[in-house]
Amino acid sequence: MSIAITTQIICFTVLSLVILIGALGVVLLESIVYSAFLLGGVFMSVAGLYLLLNASFVAAAQVLVYVGAVNVLIIFAIMLVNKKEDLKPINDIKSRRIISTSICLTLLSLLIRVDLTNVWSLSSPQNSIGEESTIRIGEHLFSDYLLPFEVASVLLLMAMIGAIVLARRDVMNKDISTGLPVDQELIEKSSEPLLTNKN
Amino acid sequence: MEYGLDLEYSFNEFLKSFGISSEIAHVIWLPLPMLLVLVSAVVGVLVTVWLERKISAAAQQRIGPEYAGALGVLQPIADGLKLLVKEDIIPAKADGILFTAGPILVLVPVILSWLIVPFGQNLLISNVGIGIFLWISLSSIQPIGLLMSGYASNNKYSLLGGLRAAAQSISYEIPLALSVLAIVLMTNSLSTIDIVNQQSGAGILSWNIWRQPVGFIVFWICALAECERLPFDLPEAEEELVAGYQTEYAGMKFALFYLGSYINLILSALLVSILYLGGWGFPIPVELIAKFLNLPINSPFIQVFTASIGIVMTVLKAYLLVFIAILLRWTTPRVRIDQLLDLGWKFLLPISLANLLITAGLKLAFPQFFGG
Chain A
1 MSIAITTQII
11 CFTVLSLVIL
21 IGALGVVLLE
31 SIVYSAFLLG
41 GVFMSVAGLY
51 LLLNASFVAA
61 AQVLVYVGAV
71 NVLIIFAIML
81 VNKKEDLKPI
91 NDIKSRRIIS
101 TSICLTLLSL
111 LIRVDLTNVW
121 SLSSPQNSIG
131 EESTIRIGEH
141 LFSDYLLPFE
151 VASVLLLMAM
161 IGAIVLARRD
171 VMNKDISTGL
181 PVDQELIEKS
191 SEPLLTNKN
Chain B
200 MEYGLDLEYS
210 FNEFLKSFGI
220 SSEIAHVIWL
230 PLPMLLVLVS
240 AVVGVLVTVW
250 LERKISAAAQ
260 QRIGPEYAGA
270 LGVLQPIADG
280 LKLLVKEDII
290 PAKADGILFT
300 AGPILVLVPV
310 ILSWLIVPFG
320 QNLLISNVGI
330 GIFLWISLSS
340 IQPIGLLMSG
350 YASNNKYSLL
360 GGLRAAAQSI
370 SYEIPLALSV
380 LAIVLMTNSL
390 STIDIVNQQS
400 GAGILSWNIW
410 RQPVGFIVFW
420 ICALAECERL
430 PFDLPEAEEE
440 LVAGYQTEYA
450 GMKFALFYLG
460 SYINLILSAL
470 LVSILYLGGW
480 GFPIPVELIA
490 KFLNLPINSP
500 FIQVFTASIG
510 IVMTVLKAYL
520 LVFIAILLRW
530 TTPRVRIDQL
540 LDLGWKFLLP
550 ISLANLLITA
560 GLKLAFPQFF
570 GG
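Residue numbers (my numbering), protein chains in the order written: chain A, 1 to 199; chain B, 200 to 571.
Since the hints were made in silico from the structure, they are not lab data.
Take the hints with a grain of salt, since some may be wrong.
[What the hints assert, rightly or not] With a Cα cut of at most 20 Å, we get these calculated SDA-like pairs of lysine to any residue:
id : chain 1 : residue 1 : chain 2 : residue 2
1  : B       : 292       : A       : 31
2  : B       : 355       : A       : 34
3  : B       : 562       : B       : 404
4  : B       : 215       : A       : 4
5  : B       : 562       : A       : 138
6  : B       : 545       : A       : 163
7  : B       : 545       : A       : 157
8  : B       : 562       : A       : 2
9  : B       : 215       : A       : 2
10 : B       : 292       : A       : 34
11 : B       : 355       : A       : 77
12 : B       : 292       : A       : 33
13 : B       : 355       : A       : 79
14 : B       : 545       : A       : 161
15 : B       : 562       : A       : 135
16 : B       : 355       : A       : 76
17 : B       : 355       : A       : 80
18 : B       : 281       : B       : 263
19 : B       : 355       : A       : 81
In isolation and in its complexed conformation, chain B is listed as follows:
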């Protein structure tokens, strides 16, 4: 079935009209979506940093950045430029190779995971069959980079931060994967496109959040823990560990950690909106709007309208979740390390297992509502 814009097909046809073979057209096409997604991820980080500064300021009754551009919108760019031109310091007693490789290993899996984030029916880099499973396995690489930079810094705070990050990441990965598994069970597919399409039947009513409320909460808590956001920011708890594994880092290497953590936050918010909030779906089904306007669903106007609505809805939902994450940062106290592990292993793990079992049972009992 072919619906929605297929930019790749049109691009290839366009190049073929100049007499370029389809293979070369494919090679020319390949870097374009990757570059686009990379740029949008970095721009997303800039927006999130600005939001974080402004919302933090509002939560503390300050004004926040004001002079760099209107309302301080250029402040994140100034921050980034400052980090870019700073001296790159490798401490004398640190392990140079591992010290450099650590931040790269933290950032690369996060950016690779953007491969599966869809902004519309055909608006993603690659609709790989293993979809969401790819993200789970890629996000499990990150703790190696954190352990590496913690060890290589040759600093006890860094090592403790790295160990905490790894322990936290291992414990919260299991409930995260189990709550994703419940969604996969309902969709009968691992692909993110299929997961969104499964929720597109009746607009807001068919979103997974109504069928998986427990899974939604477990997933959101685990995603916050994986991103090391504030209720769970033990690896870099500044009152205890200076800055955790980032203590010895400066300049661009620190910027890589910074970028990695914010890209990860946006990615998690995007995935929550894809898994539970209907992805690119508008609260009212677009088919209904088309019928109301008496336009055929395949008309170019409706196609472009659907695609733009899709991008806007995905980004809107993701930034709503980012807003909630920033508010949580200033309204919740940090958990202790034993509370963190207790919450992960003794509360979230049994709950997500029970959720999976109940989902499987409901799927057998009501196949029309929970995926046949």
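With the rest of the complex left out, here is chain A:
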């Protein structure tokens, strides 16, 4: 066995272990802050797997989007609203757990079935495009995947408008979820500088 293959196997094992243990930690840990940081670790290891598959552009995009944007924003949000709050106990927790477990197991069996029945055609190392993949991805995004690409951008635009509506509740006088009038006192109305008005 050559050195390159041994290195690859070691990297793959370590990355897979980190992904599995990290993902379990995200779900099972009590502290939400630890969960969020572990999620970042899981995203990084997935990027590592992409690198092992010679998809460096996808790996860098994974780090930029998931670690640099999504995960940072999750942590940011957790730290801004770090409120200690006792949640109400849920009454029929047992039956809920059974239902969610069965759904997860069904999904898992479906995935395993796909894995076993599908014929995975492995391209030989000579056929892999490697560094050219950036150009190839661009070509696909602007030809046969143009519609999904544009639809995804519309989706992001919708999410952005939704976020602005939620953040600027002063444009509405009713709370969306409860229907009660909004307490306008809590909303900062103007963004006048604090220091300039004092004489």
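Guided by the hints, dock chain B onto chain A, whose structure is given.
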């Protein structure tokens, strides 16, 4: 096309002459450039710290460090040794694991980004195809480390500093990436080597700064903001937040932050010189000098001359930018947090978008000047 010195090839050939297989030769070669770059990054930090102390002193009409070595050149080493032997304190109510992991997460991406910094045609660790994109994505990891150390310190100043650092880093990453994108559009490649080669046609006249003046300024402002240098050093504003996310840190962990911020400053200066100031290119093309001296471009003398000129030019340009950054530190007042976010989102973002659009238009109109 093969030009310039290829040290890796010669090294492998040298080892092969002793009967070592090419695979093992490659494994022996791999750590050498990494170690070299790590050492040069740390030495660069020492030089920058000394420059910062001396230039700050000159700006304030003081003398600055004087007794440690000639002109105080050993002062940064004394600083480093002091931090090395200090007690490593983890505050009682802090979160030990995150407190330790934070500084590491800040430093590692910065050092990894040195992977793509070229000092010559073959003088870089790895010419990865995604080049400059790797740096953009790696630099987006840093705010996680800052948030982590801010949270783990269990101190309100630290938490505020960490949150400010993350907000600042997110807002300035977008104009930064957009101005890099304009360069990539002109080069047709993400690789740093290709970006420099594209600027090497006519010496100083073909540098990107003439074709991308707006991009240059936007990139420099954003790079300063990403490094948390003074007009934008809100995360550690000492009058407001004690020292921001570093408040609770001491000893080697503080040194990691210190090292990280200075390595990042040098890295940003190097990248500005690669993207806009022609990288290792001499203001007069080396081919012209060779022709003037009647030497063939492939002669060993010209090869060694080109390589050394390349390293000197890259470092010179980078340190010129570091000098400007230090001068800016003592001549500009700190912006407020709302001014900082306004500048990022309402000024730099539209300008860099417009710059990208104009570059694309010019590329279509004048393909010979803006990359076909």
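Hints versus structure:
1. B:292 / A:31: holds (16 Å)
2. B:355 / A:34: Roughly 19 Å between the alpha carbons, so the hint for residue 355 of chain B and residue 34 of chain A holds.
3. B:562 / B:404: Holds, because 18 Å separates the two Cα atoms, which is no more than 20 Å.
4. B:215 / A:4: Cα-Cα ~18 Å, so holds.
5. B:562 / A:138: Given that 20 Å is the threshold and the Cα spacing comes to 18 Å, the pair holds.
6. B:545 / A:163: Roughly 18 Å separates the two Cα atoms, so the pair holds.
7. B:545 / A:157: Judged against 20 Å, a Cα distance of about 18 Å means the pair holds.
8. B:562 / A:2: At roughly 47 Å apart (the allowed maximum being 20 Å), residue 2 of chain A and residue 562 of chain B break the hint.
9. B:215 / A:2: holds (17 Å)
10. B:292 / A:34: Roughly 16 Å separates the two Cα atoms, so the pair holds.
11. B:355 / A:77: Holds: residue 355 of chain B and residue 77 of chain A sit about 16 Å apart, inside 20 Å.
12. B:292 / A:33: holds (16 Å)
13. B:355 / A:79: holds (11 Å)
14. B:545 / A:161: holds (18 Å)
15. B:562 / A:135: holds (18 Å)
16. B:355 / A:76: Holds, at roughly 15 Å.
17. B:355 / A:80: holds (12 Å)
18. B:281 / B:263: Since the Cα atoms of residue 281 of chain B and residue 263 of chain B sit roughly 18 Å apart, the hinted pair holds (cutoff 20 Å).
19. B:355 / A:81: holds (14 Å)
Violated hint for the displayed structure: number 8, the only one.
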